[in-house]
Structures are given as structure tokens and as C-alpha cells.
Amino acid sequence: MLVMPIIFLLPGHREEAGMGNFGVAFAGGYLGMAPLFALNLLQYSQQWQAADVFRVAPMPGPAPLCAGARQAVTCFLTLPLVLGFALIVWCLHGETTNLALLLPGLITLPIFTLVPHLGGRSVPFSRAGEEAKSTRRGLDFFVVMLLSVSLSFLTTWSWDAGWFWWLLAGEVAVAATAYAIMRVSLASMRWPSMD
Amino acid sequence: MISLQQLTKHFGGQIAVDGITCEIPAGQIVGFLGPNGAGKSTTLKMLTGMLAPTSGTATICGFDLQRDTLEVKRNVGFVPESGAVFESLTGLEYLEMVAALYAIPEAAARARIEQFIAFFDLSFATLTDKLLGAYSKGMRRKVVITAALLHNPPVVFFDEPLDGLDANAAVGFKALIQTLAREGKTIVYSSHILDVVERVCDRVLIIDKGKLLLDGEPEALVAASGAGTLERLFTQLTGGTELERRRGGFREDLPSMTDRARPAAPGAPDRALRRLFLTLFLRGRSARGLRRQNVPQSIALKLSWTLLLYVAVGSMALAFLTAPVFRLSIYLHGATMVLCGMFIAASAGEVLFNKEEADILLHRPVTSQALLRAKIIVLLQVSLWLAGAFNLVGTFAGLMAPDASALFPLVHAISTVLEALFCTGFVVLGYELCLRFFGRERLEGVMTTVQILVTIAAVLAGQVPRLLGYANLRAPHRRVSVVAQLVATRVVCRFRRCARRERGGQVVAAGRGRSGARDGGRVARPRENGTPLRDGPANAGRGERRTPDPARQTPLARHHRPYAALPLVAAQSDQPRLVSPHHQLPPARSRRQIARLSRHRPDARDADYLSPSRSP
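As they're listed, the protein sequences go chains A and B.
Residues in the first sequence are numbered consecutively from 1, following the numbering used here.
Residues in the second sequence are numbered consecutively from 1, following the numbering used here.
These aren't lab readings, by the way, just hints derived from the structure by calculation.
One should not assume that every hint holds.
[As the list claims (entries may be wrong)] The calculated label-pair distances, taken between Cβ atoms and stated as ranges, are:
#1 G120(A) x H10(B): 13 to 23 Å
#2 Q115(B) x V143(A): 48 to 58 Å
#3 L213(B) x L77(A): 47 to 57 Å
[To be verified] Which chain B residues face chain A? A few, computed with CB under 8 Å, are given here:
#4 A52
#5 L70
#6 R74
#7 A84
#8 V85
#9 E87
#10 L101
#11 Y102
#12 A147
[Unchecked claim] To spell it out: a stretch of chain A is covered by chain B in this simulated footprint if at least three of its residues, at any positions, have a beta carbon under 8 Å from a beta carbon of chain B; those stretches are:
#13 43-53
#14 56-70
#15 187-195
Every residue, glycine too, gets a C-beta built ideally from N, C-alpha and C.
Work out the full structure, taking the sequences as your base and the hints as a guide.
This is how it looks when you write it as C-alpha cells:
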């Protein structure tokens with residue numbers, strides 16, 4: 001999964017018009033997607049029936065479990081990735097100004113971590129491993145990738161056009177609103193019946 | 001302590017629990033009995049808050065199940081039937097996790113855990129050092145029971161608690177629940193082991209088909225019914241006696257059932273396999289998940305997702321449509337088609353893993369050739385559906401392009417269909433090769449690699465020709481690329497015909513060369529008298545209704561007769577051959593018998609190979 005942004009960051013692609021900036025923006029978008037896929041995968045387990053213990057426990061809904069999963073993914077996966085990519089960008093480009101291009105992708109990161117849990121889904125270890133092969137996952141991947149690529153294009157364009165910081169401000173406002181709504185929705189979520 | 005008032009649960013149209021009403025006081029051990037599917041586990045899941053009742057109410061310790069769910073959960077301990085635990089945790093880690101879920105302080109939890117491990121004769125070192133995956137089933141069950149009792153609940157539900165416990169542990173467990181009852185806890189004990197229930201429980205509830213049939217003390221119920229034992233009473237109530245009666249009749253009926261077996265209609269087993277494969281494929285799920293999703297919903301979901309994507313991608317492309325970007329729009333369309341290929345690949349992979357389940361669902365062993373044939377045909381069929389759907393939108397979108405030539409719809413249609421065929425061929429062949437080289441266990445690991453290869457192949461097959469010469473059909477490189485694509489597709493079609501040829505005299509294989517390609521797939525029906533049609537002066541060279549000359553066929557091809565392949569599998573083993581009355585397959589002959597028969601009677605009919613009365 002991480003191969004694509006690295007390819008875009010490589011020096012050969014940098015020489016092409018605009019590809020250097022696009023590569024950095026694309027890496028940022030990919031970093032935003034990483035927790036989404038990790039959390040999505042974390043819901044599958046061979047011992048999914050053991051997750052009944054979560055449902056029997058006196059918890060109003062899956063929100064505390066989802067929060068724990070988010071924290072784990074952020075600490076053990078996302079942060080090291082962000083640092084690693086920042087280092088790669090800095091090494092390859094030799095300047096720190098381009099690092100700002102990672103920001104639009106990183107701003108979407110909190111939203112992407114919440115998306116898998118909306119509607120009480122993606123409770124950790126609660127679904128059979130076989131369901132991981134569901135074809136819907138491929139489609140989800142495609143949609144998210146499309147969004148990420150679009151954001152990368154937008155970022156590159158705004159960077160070249162000179163209104164990158166306006167884009168960032170707008171994105172922060174939209175992302176904060178969406179994040180707040182999603183958090184409220186998740187906190188009020190109750191366990192769905194196992195029908 | 002527990003009060004159920006008309007508790008009901010429906011799953012769609014099916015009634016799982018039908019208005020159960022009862023009161024259970026504190027300190028009572030209640031045996032909850034019923035045959036499989038009676039609604040025991042559903043009732044227990046409702047009482048633990050895992051399932052929402054359709055109607056009716058229940059209170060536990062005075063808390064309403066639906067209003068005060070959290071309070072109910074605090075007062076309930078549940079040992080599920082599965083006894084599943086997270087195997088990558090140690091026993092202690094698991095128990096501490098459960099304690100944290102119930103907000104039990106760490107010190108208190110540790111003390112309680114030590115109390116239980118001493119009772120169950122588990123060593124603390126095992127609990128701290130070994131992962132649960134390394135525990136025996138009985139040890140895991142003990143950990144699960146400990147987890148359920150860790151928060152000292154006043155009500156405990158046990159669903160088949162003795163499953164996996166050895167005799168000593170079972171005796172210990174019975175002593176434990178009696179101790180718990182003496183402490184004033186209410187125990188609801190669901191089990192199939194009736195003598196244990198009879199000895200341990202103060203009261204018995206028997207349910208069947210969701211209805212409560214009997215409620216009372218075991219001795220009193222047995223005495224009142226005159227059944228003698230609880231087991232006999234149980235079988236009388238739940239239809240077990242009827243099963244016993246039928247068992248005798250079944251033994252008498254069995255020979256006549258096999259006598260009545262007739263040869264299946266030609267192609268029927270293949271059709272059944274294809275139907276099964278298609279069903280599994282469309283659901284994108286394994287056979288185990290059959291009940292989870294219905295087909296129309298699944299198809300609608302998949303198609304709507306794919307079309308939505310297509311519209312999104314197409315709209316993006318059209319928004320920027322200028323002459324140079326026209327190619328980009330084509331490329332994006334192709335990229336969506338590639339996604340479609342991956343989509344198919346993922347579904348196909350899912351189904352491929354379930355050959356054993358296909359055996360079970362079809363009530364007979366499935367040969368790998370038959371399975372491969374079914375996969376190819378079904379995947380081609382679905383690919384063409386998808387290609388058709390894409391074409392409709394793609395053609396209209398393409399016609400809106402200002403520089404589109406008049407031939408655009410035609411080329412678009414041909415390219416997309418070819419691409420779908422090509423992609424499908426790669427998917428099936430790729431999976432088959434992986435299955436052979438890596439084995440079923442490791443296939444899952446290489447699935448992603450195969451998908452990537454399929455994607456690359458589809459890109460090469462479909463996108464390169466488009467990008468090279470879509471706008472100018474007369475360009476030589478376009479002709480070359482189209483020819484290359486046709487050749488590649490022909491390989492796939494050839495593969496399909498090879499599979500068909502294995503059906504022998506029923507479906508006539510296409511001959512080599514162009515005439516064969518035209519006639520591929522025509523069906524030669526045997527004449528009324530059973531003599532197969534053969535090449536003769538009248539139809540020689542016309543390529544129609546030909547049957548392969550047995551003299552020119554390989555021995556393997558001679559043996560492969562319709563519906564003969566399946567019984568052959570059974571005939572190879574020393575096990576008694578099973579003939580499914582459902583499919584009415586005829587008795588099989590061994591390979592040696594068939595070889596001898598075909599040597600002596602090259603014009604023999606299919607029935608000759610299968611019917612015992614016609615043996616030479």
C-alpha cells in the first residue's frame with residue numbers, strides 16, 4: 001500500500017512538471033488513508049465469536065472499544081508513518097517548505113480514523129476473517145483512493161496557484177465540523193442487535 | 001429474580017422464540033432444555049442484551065431488559081456456547097481485560113481470579129505464561145466460566161457449559177453451580193445432557209419451536225407424565241419418538257430409493273454446479289455465509305456501487321473533456337473496468353476456497369475439471385453482464401465527446417467485451433495456477449499478487465490498444481493492437497472449448513481452425529435410438545453436429561462422459577459408493593471397466609457406461 005506514494009516521491013518522477021509537489025501531496029493523502037485501512041482490518045479476527053464478551057459487558061455501545069482501537073492505530077502505525085514520510089520528503093527534496101504539502105492529507109486523518117466506526121461498525125476483532133474477502137472492501141478502497149487523489153490534485157493546484165493556505169484553512173474548518181459531528185454520532189451509538 | 005413476559009423473537013418471517021412467559025426466583029438452578037433450533041440460545045442472547053426482542057418484556061433483578069440494559073448486564077454473567085476467547089492473549093490478560101470491561105479494580109480482580117484458578121485446578125504460571133491458543137478446550141472453557149463469574153453476578157446463564165470439560169472438571173463444575181445457587185445466585189443452565197440436568201437442576205423448562213412446552217421440577221414432571229426418565233419425556237415432547245419410528249422405515253426404504261435412481265439428465269450436474277457457483281459468486285461470500293445476504297440485495301448493491309463509481313469517474317473525465325484529454329477519459333473508463341476485474345477476482349477467490357463446501361451443498365464430490373468448467377462459464381457470464389452495463393453508459397458518454405468518430409460505439413463495445421473476457425480468463429487461470437503451485441492453505445497469501453497480475457494483464461489487454469489508437473482506427477498500430485487482443489481472447493475461448501470438449505458426445509467440441517471456431521458450442525443431440533451422430537459424407541466439412549471420432553480421441557477424453565466424472569471419484573475409493581437420491585446419479589463403473597468397455601464398444605452410449613445391466 002505504501003509503495004505508490006514512495007514511487008511518486010522518487011527523484012525520477014520529481015523532474016516531470018508538477019510531479020514533485022503532487023508526490024508529496026499524494027503521500028499526505030495516503031497517510032490519511034492508512035488508519036482507515038488499519039482499523040478496517042482490525043475488525044476481522046479468527047476468534048470473532050470471542051467479541052461477544054464486549055456485547056455482554058455493561059457498555060452502552062462500541063464507542064470505548066473503537067476509541068481504544070483508534071488510539072492504538074494512531075500510536076503504533078500512523079505516527080511512525082507520518083514521521084517516516086516527513087523524513088523521506090525532507091531527504092529527497094532537501095527542503096522543509098514542501099512538507100507543508102503533507103498537511104491537507106494529514107488534516108483528513110482524524111476523519112478517516114472515525115469513518116470505519118460510523119454506524120457501530122468495525123468493532124475490533126468482531127467479524128469473521130472470511131468476511132475480509134468481501135468485495136465491498138475493494139470498492140471502499142477505490143472510493144477512498146479517488147478522494148485522496150482528488151485532494152492531492154487540489155493541493156498541488158492550490159500550491160501552484162498561490163492559495164494553498166486558504167485551502168488549508170477551509171479544509172480545517174470542514175474537517176473540524178465533520179469530526180465533531182462524527183464524534184457525537186459515535187458516542188451516542190448503541191450496540192446494534194445481533195440479528 | 002428473572003421474569004419473562006411474552007418474550008418473542010422473529011428473524012424475518014421465522015419465529016425463533018414465541019411468547020415465553022415464566023418467573024425464576026433467586027437461588028434456583030433452572031435447566032433450559034430443547035432440541036437444536038428450539039430457541040434456547042436466542043432466549044439467552046435476548047436475556048443478556050445481545051439480541052433485541054421483537055416483542056414482550058423481561059426483567060432481571062428488577063431491571064427492565066430494554067430500558068435498563070446496562071444494569072441488566074451488570075447483574076448477568078454469560079458463558080456462551082462457542083466458548084471462544086482471543087487466543088493471542090494469555091489467560092491472565094484475557095481475564096484482566098474482562099475485569100476492565102466490568103470496571104473491577106485490578107487488585108480485586110486478581111484476588112477473584114486466583115480464587116477461581118484454585119477451584120479449577122489451573123496453575124497460575126500457565127495463566128500468565130501461555131497464550132490461550134495453547135490451552136486445551138477444557139482449560140479454555142474454565143477461563144470462560146471464570147470470566148463470566150468474575151464480577152460476581154447474581155444471575156448466571158450457562159449455554160452448554162460442559163462442552164469440552166473432562167469428567168473431573170464436569171463434576172467440579174456441577175459442585176460449583178450448586179455452591180453458587182446456595183449463595184443465592186440464579187442459574188439458568190442450557191444443555192443437551194439430560195441426566196446432568198436431571199441431577200443438578202431444581203426446575204426444568206422445555207421449549208420447542210420457540211414455545212415453552214413444560215415447566216416444573218424434573219422428578220414431578222417425570223412422575224406425572226409416566227415417562228420414566230427425563231430423556232423419554234423430552235423425546236415424547238419434542239418429536240423424538242417420531243424420529244425413532246421413521247428410523248425403522250428409512251432402513252426399509254433405502255434399497256428402493258437406490259433402485260429408483262435413474263441417470264440424470266445430460267448436463268444436469270454441470271448445471272447444478274454452475275448454479276451453485278453463480279449463487280456463491282454473486283453473493284461474494286463463502287458457502288458458510290449463504291444465509292446472511294440474499295442475492296437480489298447483493299447484486300443491486302454491487303451494481304449500484306460499480307455504476308456510481310463509473311458515473312463519478314466518467315463525469316470527472318467529461319468535465320475536462322478536450323481533444324487531448326479525450327484519451328484520459330477513455331483511460332479512466334478502462335481503469336474502472338480494471339477495478340471491475342479486481343472485483344471479479346476477489347469474488348472468484350472467495351468461491352474458489354470452498355470446493356469442499358460445494359461438495360457438501362451438492363451432496364456429491366465435485367471433480368476439479370467440473371469445478372474449473374463451472375468457474376470459467378460463470379465468470380464469463382458475469383463479465384459479459386458487467387461489460388454490457390458499462391458499455392451502455394460508456395457509449396453514451398463517449399458519443400458526447402466532440403472528437404469521437406462514428407465508429408466509437410462499435411469499438412467501445414468490442415474493446416470492453418474483449419477486455420472482460422480477457423480479464424476473466426486471467427483471473428481463472430491465475431487462481432488455478434496458484435492453487436496448484438501454492439496449495440489451498442497458502443493461496444490466500446498470494447491472492448493479492450494474483451490480483452495485481454490480473455490488473456496488469458487487463459491494463460495491457462484493454463487500455464494499451466485504446467490509448468494507442470482510439471481516435472484513429474485506420475492507424476496500423478491500432479490494427480496490430482486489436483489483433484493482439486483478439487489473439488489473447490482466442491486463447492481464453494480456446495481454453496473454454498477445451499473444457500467443453502471433455503463432455504464427449506454431448507457437446508461437440510469445435511474443430512481446429514476457422515470452421516471450428518464458428519461451430520464451437522453447438523450441441524449434438526443423440527438420436528432416438530441412442531446412436532450418436534457421427535461425421536459422414538453429408539455433413540463432413542460443414543463443421544456441424546460432429547462427434548469426435550473415438551479412434552482419434554485420447555483415452556482420457558473417451559472416459560469423460562457427462563455425469564460419469566462424478567461417480568468415478570467415488571468408484572476410485574474403497575468406500576461404499578453413495579448415490580444421492582436427490583440427484584439420482586446412476587451407479588458408476590471403475591476406470592478399468594470403462595476402459596474395457598470403450599475398447600470393445602467404441603460406439604457405446606453414455607447409459608452403457610453407467611447402467612449395471614449393460615455390462616459386457
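Status of each hint after checking the structure:
Here the CB-CB span from G120(A) to H10(B) is close to 22 Å, well matched to the stated 13 to 23 Å. Between Q115(B) and V143(A) the beta carbon distance is about 52 Å. The supplied range of 48 to 58 Å therefore holds. At roughly 54 Å, the beta carbons of L213(B) and L77(A) sit within the given window of 47 to 57 Å. Because the beta carbon of A52(B) sits about 4 Å from the nearest beta carbon in chain A, less than 8 Å, this interface hint is met.
Evaluation of the L70(B) hint against chain A yields a held restraint, the C-beta minimum of about 5 Å falling below 8 Å. Because the beta carbon of R74(B) sits about 5 Å from the nearest beta carbon in chain A, less than 8 Å, this interface hint is met. For A84(B), the interface hint holds, since its Cβ comes within 8 Å of a Cβ in chain A; the closest pair sits about 4 Å apart. Because the smallest distance between the Cβ of V85(B) and any Cβ of chain A comes to about 5 Å, under 8 Å, the interface hint for this residue holds.
A least Cβ separation of about 6 Å between E87(B) and chain A falls short of the 8 Å threshold, and the interface hint therefore holds. Nearest Cβ of chain A to the Cβ of L101(B): about 4 Å, under the 8 Å cut. The hint holds. With its C-beta approaching chain A no nearer than about 6 Å, Y102(B) sits inside the 8 Å limit, and its interface hint holds. A cut of 8 Å between beta carbons decides the hint on A147(B): the least distance to chain A is about 7 Å, and the hint holds.
Counting residues of the stretch 43-53 of chain A whose CB lies closer than 8 Å to any CB of chain B gives 8, so the stated coverage by that chain holds, three being the minimum. For the stretch 56-70 of chain A, the stated coverage by chain B holds: 5 residues have a C-beta nearer than 8 Å to a C-beta of that chain, and at least 3 were required. For the stretch 187-195 of chain A, the assignment as covered by chain B holds, since 4 residues bring a beta-carbon within under 8 Å of that chain's beta-carbons and 3 suffice.
Checked against the numbered hints listed earlier, the structure breaks none of them; every hint is satisfied.
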